[in-house]
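Student: Single-letter residue listing:
Protein chains: 2
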Amino acid sequence: MRSISSPTRLTVAVDLAILTVIDGAMRVLLLRRPDDDVPGWAMPGGVVDAERGLDETVQQVLVAKTGVRDAHFEQLATYGAVNRDPRGRVISVAYLALCPHDRLEGAVAAGADQMLAHLHTTWPGEQGGPARLTDAAGQPLSMAFDHADILGDLVRRLRGKLDYSLIAFGLLHRRFTLRDVQTVHEAILGHPLAKPAFRRKLLSRGLLKATGDYAPAGAHRPAELYELLEEK
Amino acid sequence: MRSISSPTRLTVAVDLAILTVIDGAMRVLLLRRPDDDVPGWAMPGGVVDAERGLDETVQQVLVAKTGVRDAHFEQLATYGAVNRDPRGRVISVAYLALCPHDRLEGAVAAGADQMLAHLHTTWPGEQGGPARLTDAAGQPLSMAFDHADILGDLVRRLRGKLDYSLIAFGLLHRRFTLRDVQTVHEAILGHPLAKPAFRRKLLSRGLLKATGDYAPAGAHRPAELYELLEEK
DNA sequence: CCAAAAGTGTTGCCGTTACACCCATGT
DNA sequence: ACATGGGTGTAACGGCAACACTTTTGG
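Chains as they are written, first to last, in my numbering: chain A, 1044 to 1275; chain B, 1044 to 1275.
In short, the hints are calculated from the structure, not lab data. Please note that a few of the clues may not be correct.
The list cannot tell twin chains apart, which means a pair is met if one copy fits it or any two copies do.
Quick list of in silico lysine to aspartate or glutamate cross-link-like pairs, DMTMM-like style, CA-CA up to 20 Å [unchecked claim]:
| # | residue 1 | residue 2 |
| --- | --- | --- |
| 1 | K1244 | D1178 |
| 2 | K1238 | D1178 |
| 3 | K1204 | E1117 |
| 4 | K1108 | E1148 |
| 5 | K1204 | E1169 |
| 6 | K1238 | D1145 |
| 7 | K1204 | E1273 |
| 8 | K1252 | D1156 |
| 9 | K1238 | D1066 |
Given the sequences, and given the hints that come with them, work out the whole structure.
Tutor: As structure tokens, this is what we get:
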């Protein structure tokens, strides 16, 4: 029964997987806890207080940790195992937040206490298992709590939603080339895609609008810039 | 920040959408609160205490409300709007539990305080909006909290996972006919499916094993019984 | 003229759909 | 015999993958 008279009360936190794609690889913002109370790297998070909704708390953490205001985010799942936090019982609602890489690189500096870690997945498709995190040099990072498992779930969710939702576009700017979209898809799926097929499937979804402008290119033909056409 | 020293603590509950399919229609177990503190019908739920994990709490509620021990369940999403419960702040982790209809009909009796309500969805596919709940006579039920919204999300999730997961089989017995599976799919999707196509797609997934036994039938050819072949 | 990446056309395969048909059973 | 629902065959359609090809730029 849900008796409010003498309820058990628990600490509820949100944990954010702030994700981006840099040079065709997934990256996620990790922090090392300032007062080394729990060893290892962890996703940024914050406790949910009585006056704030979940989304509001997420927004607040996002701005505090990255300065980014308008990132797209969505809920992933909630983790409530009794011993997931060695310091005490914490129910954690995990969120995914997406951001183009330069927005993040401007706001967070890699250092001893924070970094944009590389997020690898050994398994293909939507199989199980935790994610593997490494630093810029490719050295494995030891993760606090169950955060490696959460990040594994995250990648599976991303892969599943990739081609029927708009998540991929959360990792891009307002205007982008078709190649940019393909790079993001390949980074998330972990394998290369055929260019003509990808192109046609993407355009056939009827989501994009050609702008007529072209991205400045190097020694090759410039690519046309597209936008999401927003239908309300 | 996640300070454990003086944390805000909140009431955390699990709410269960205990779902079944009866006569080709989705049904969900709803309760009317005994001490009419909140008007309307609600999903069964329970407060999460300090010693129990989320899944454990779900299992406990499930057995308490239905007597069913081995139902398949999975997490849906977490709802934490500040005013979703008029009595105070409650974070609610919604779960989906699946059960063959006769297991439920045996354990719960329709009455003034509990019923297997009809779950309708006006919208097709995976569009938005709350679910519509009615009683056996087709009269709309007024729902407590945000439970109509949660049940809307539930149906969308079910529809999305229907043909790449095993959820449909949670609504069936160990042995079933192909027609049974089709009925479940049609109930969830809300529209009829072509028999030959459904049959072939289902068998081509390579999940089923023909038993060689046949279901007792009426005035027509008996249908073969199939089982899930469990691959570990 | 060459390299590099954008972008298109063509072909063949394969899964799905629609429709017609056969099979087994009770009345 | 026939009504009823289980189960199968077949041909047309449409989407997708592979591959070869053309286009546009900088050097």
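Student: Against each hint, give a clear statement of whether it holds in the structure.
Tutor: Structure-based check of each hint:
| no. | hint | in the structure |
| --- | --- | --- |
| 1 | K1244 <-> D1178 | neither (34 Å within a copy, 44 Å between copies) |
| 2 | K1238 <-> D1178 | neither (30 Å within a copy, 53 Å between copies) |
| 3 | K1204 <-> E1117 | both (12 Å within a copy, 18 Å between copies) |
| 4 | K1108 <-> E1148 | within (12 Å within a copy, 51 Å between copies) |
| 5 | K1204 <-> E1169 | both (11 Å within a copy, 13 Å between copies) |
| 6 | K1238 <-> D1145 | neither (25 Å within a copy, 51 Å between copies) |
| 7 | K1204 <-> E1273 | within (19 Å within a copy, 27 Å between copies) |
| 8 | K1252 <-> D1156 | neither (41 Å within a copy, 54 Å between copies) |
| 9 | K1238 <-> D1066 | within (18 Å within a copy, 48 Å between copies) |
Hint compliance for this structure: hints 1, 2, 6 and 8 are broken, all remaining hints hold.
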